[in-house]
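Those protein sequence lines, which keep their order, are chains A, B, C and D. Every number in my numbering is 1142 more than the matching position in the first sequence, counting from 1. Every number in my numbering is 1142 more than the matching position in the second sequence, counting from 1. Every number in my numbering is 1142 more than the matching position in the third sequence, counting from 1. Every number in my numbering is 1142 more than the matching position in the fourth sequence, counting from 1.
Keep in mind that the hints were calculated from the coordinates and are not lab data. Fair warning: this is a prediction, and the values are worked out from it, not measured in the lab. From the three backbone atoms N, C-alpha and C, an ideal C-beta is built for every residue, glycine too. Just so you know, not all the hints are guaranteed correct.
As the list claims (entries may be wrong) - To list a few chain D residues with every Cβ distance to chain B over 12 Å, as calculated:
id: 1; residue: 1173
id: 2; residue: 1174
id: 3; residue: 1213
id: 4; residue: 1270
id: 5; residue: 1273
id: 6; residue: 1274
Stated by the list, open to error - Here are the simulated DSBU-like pairs of lysine-lysine, each with C-alpha atoms no more than 35 Å apart in a straight line:
id: 7; chain 1: C; residue 1: 1264; chain 2: D; residue 2: 1264
id: 8; chain 1: C; residue 1: 1264; chain 2: D; residue 2: 1249
id: 9; chain 1: D; residue 1: 1168; chain 2: C; residue 2: 1155
id: 10; chain 1: A; residue 1: 1194; chain 2: B; residue 2: 1270
Below, each chain spelled out in residue letters.
4 protein chains.
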Amino acid sequence: MENVTRFSVSVDKELLRELDQMCREKGYDNRSLAIADMIRAHLVEHRQQLGKREIAGSITLVYDHHKHHLQDLLTDLQHEHREIIISALHCHLDHDNCLEILAVRGKADGVKRLADELIAAKGVKHGKLTITSTGRDLPG
Amino acid sequence: MENVTRFSVSVDKELLRELDQMCREKGYDNRSLAIADMIRAHLVEHRQQLGKREIAGSITLVYDHHKHHLQDLLTDLQHEHREIIISALHCHLDHDNCLEILAVRGKADGVKRLADELIAAKGVKHGKLTITSTGRDLPG
Amino acid sequence: MENVTRFSVSVDKELLRELDQMCREKGYDNRSLAIADMIRAHLVEHRQQLGKREIAGSITLVYDHHKHHLQDLLTDLQHEHREIIISALHCHLDHDNCLEILAVRGKADGVKRLADELIAAKGVKHGKLTITSTGRDLPG
Amino acid sequence: MENVTRFSVSVDKELLRELDQMCREKGYDNRSLAIADMIRAHLVEHRQQLGKREIAGSITLVYDHHKHHLQDLLTDLQHEHREIIISALHCHLDHDNCLEILAVRGKADGVKRLADELIAAKGVKHGKLTITSTGRDLPG
C-alpha cells in the first residue's frame, strides 16, 4: 500500500451528499474508489491529442450569474478569444441559472484550451466542449 | 462558508501527481475546485439515465444546406418540438456547410429522442447531444 | 390563388416612377409584392400603439462590457424578464465592445418597458427595439 | 390632375381588409392617399445614404417556413454573404412562423443591400434592418 497517498478535499456539503448517493447507486465500496475512477476518466479525455486540426463545435456552460465576478471573467475570456468564438447564445433558465452556448471554430488545441479555462472558472457548475468538424473533411 | 465540508481521499500517488498536472494545465486554482467539477460532471451523466428528469443542453449539428429537403426537414422537426427547443443558433461555416446549435430544455427522454431524429436525418454529417442540467439540481 | 384580390391605386406619376426604381433596387419581382410588404410593415407599426397585443421582435444593444457592473445589471434585468426574452445572442465585436441581440416575445407594453430599461442602463452606448409581429396576424 | 396615374395591385384579400381598417383608423379619405404616404415613407428610408462606414446591427425577419423554397433561398443568400453575417438566431414561434434574427457587421451599403434582398424574398412577412455602430465610434 505504499503507493497510496491521502489528501483532503473541500466541497459543498450538498455536493458531498449527492456524491455519496451516486457512489451507492453505482455500487462503489467507498468514496476514494469513485473519485479515483473520475480522475482517470478525466485524464483520458484530457490527453486526447487534438492538435492543430481545424474544428468547429460548441461549448455549453451552466452557471449562476449571481456568483461574484463570474460573468465579468467569462466575458473577458470570451473577448480575448473572439477569433475562436463565432457568437454566444445565452438562455435565462431561471432567476439564477444561465445556459450559455458558444459556437466555436478554430485550431483544436486552442479551442480545447479556451473550453478548459471557461469550465474551470469558479462558479461554472457544469461545462462541456462538443467537438465536431467544419464539414469540409466529412464527405456527405 | 459554512456550506463547505472537508473529507479525505486515498488514491495512488502517481494518479495524484497526474491529477495535479491536469489541474495546472486546465487552469484550476486548487485541487478541490477540480474535484468538485468532476463530481458535478459525473452527476450530470449519471442522471441522464433518469428519463423524466428535467435537463438542459445543446444539440450540435453540421450539415450541407444544399442537400435536397434537408433544411425543410430539420425546420419541420424543430417546429414540432418547439416546447423543447429554446432557440437555434445558425453559423454559416462556408459556402455549403452549416453549424447549427440548438439550446434545448425538457424531459431527458424527449430531448434524447429529438436529438436522435435530427442526427439521423439524411445529410446531417455529424451531430451530438450535450446534456447538462438546469443548474437547480447542482450544488455550487 | 383564390385568396388574392386586385385593386387599383392612383398616385402621382413621379411617385410611381420612384417606386418602380426602388423596387428594382431592392430586388422585388413586381410592384404588388413591394406594396404588400409596405402594407404589412405599416400594419406592424400601427399596431405598436396597441399595448396588450402579442408581439415578437428584437432588442439590439451595443455596450462596453468593461463598464463597472453593467453586465451584471443587464443580466439581472434579463433574468427578471425571462418570460419575455426567448434568448440572447452575444457577439464579441472587439476587445471592449459587445453586440447583444435579444429575441423577445410578449405583450407590447411589457416588451417596450424592458427595452427602455435596458437601453437606459448607464454604459449602453446604443440600443434599439425592433418590433415585428408573431406572424399569425399578418396575412401572406 | 394630369400628373396622376393609376395602376393595379394584387394582394391577399385579408391583407386588403386590414389595410382598409388601418386607413379608417388613421383617418385617410381613401386607400390611394394611404399608399402614396407609405411609398414616400419607404423612399425616405431607402435613400438614407449609408455608404462605406463600418456598422453593426441586426436583421429581424418573420416568415412562414412552409413557404415553398423560402428557407432554401434565405439560407443561400446568407451563405453567400457570410462575411457580413456573424450568426443567425432562429426562434420557432409556432407551428408555421419563424422569428429569425441575424447579427450583422460590415460596410453599411453591403449590409443594407443584403437586408433588402432578404426582406424582399417572397414569403417573408415582415423584416427590418436595425443599424447600430460597432461601438468604436461611440464614446462611452
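Structure-based check of all given hints:
1. 1173: About 35 Å separates residue 1173 (chain D) from the closest Cβ of chain B, which puts it past 12 Å; holds.
2. 1174: With a cut-off of 12 Å, residue 1174 (chain D) remains clear of chain B, as the shortest Cβ separation is near 39 Å.
3. 1213: Given a closest Cβ separation of 5 Å, the condition is violated.
4. 1270: Check passes; 19 Å lies beyond 12 Å.
5. 1273: Non-interface label on residue 1273 (chain D) holds, nearest chain B Cβ at 21 Å vs cutoff 12 Å.
6. 1274: holds (20 Å)
7. C:1264 x D:1264: violated (41 Å)
8. C:1264 x D:1249: holds (28 Å)
9. D:1168 x C:1155: OK: residue 1168 (chain D) and residue 1155 (chain C) at ~24 Å, within 35 Å.
10. A:1194 x B:1270: holds (22 Å)
Violated hints, in rising order: 3, 7; the structure is consistent with all others.
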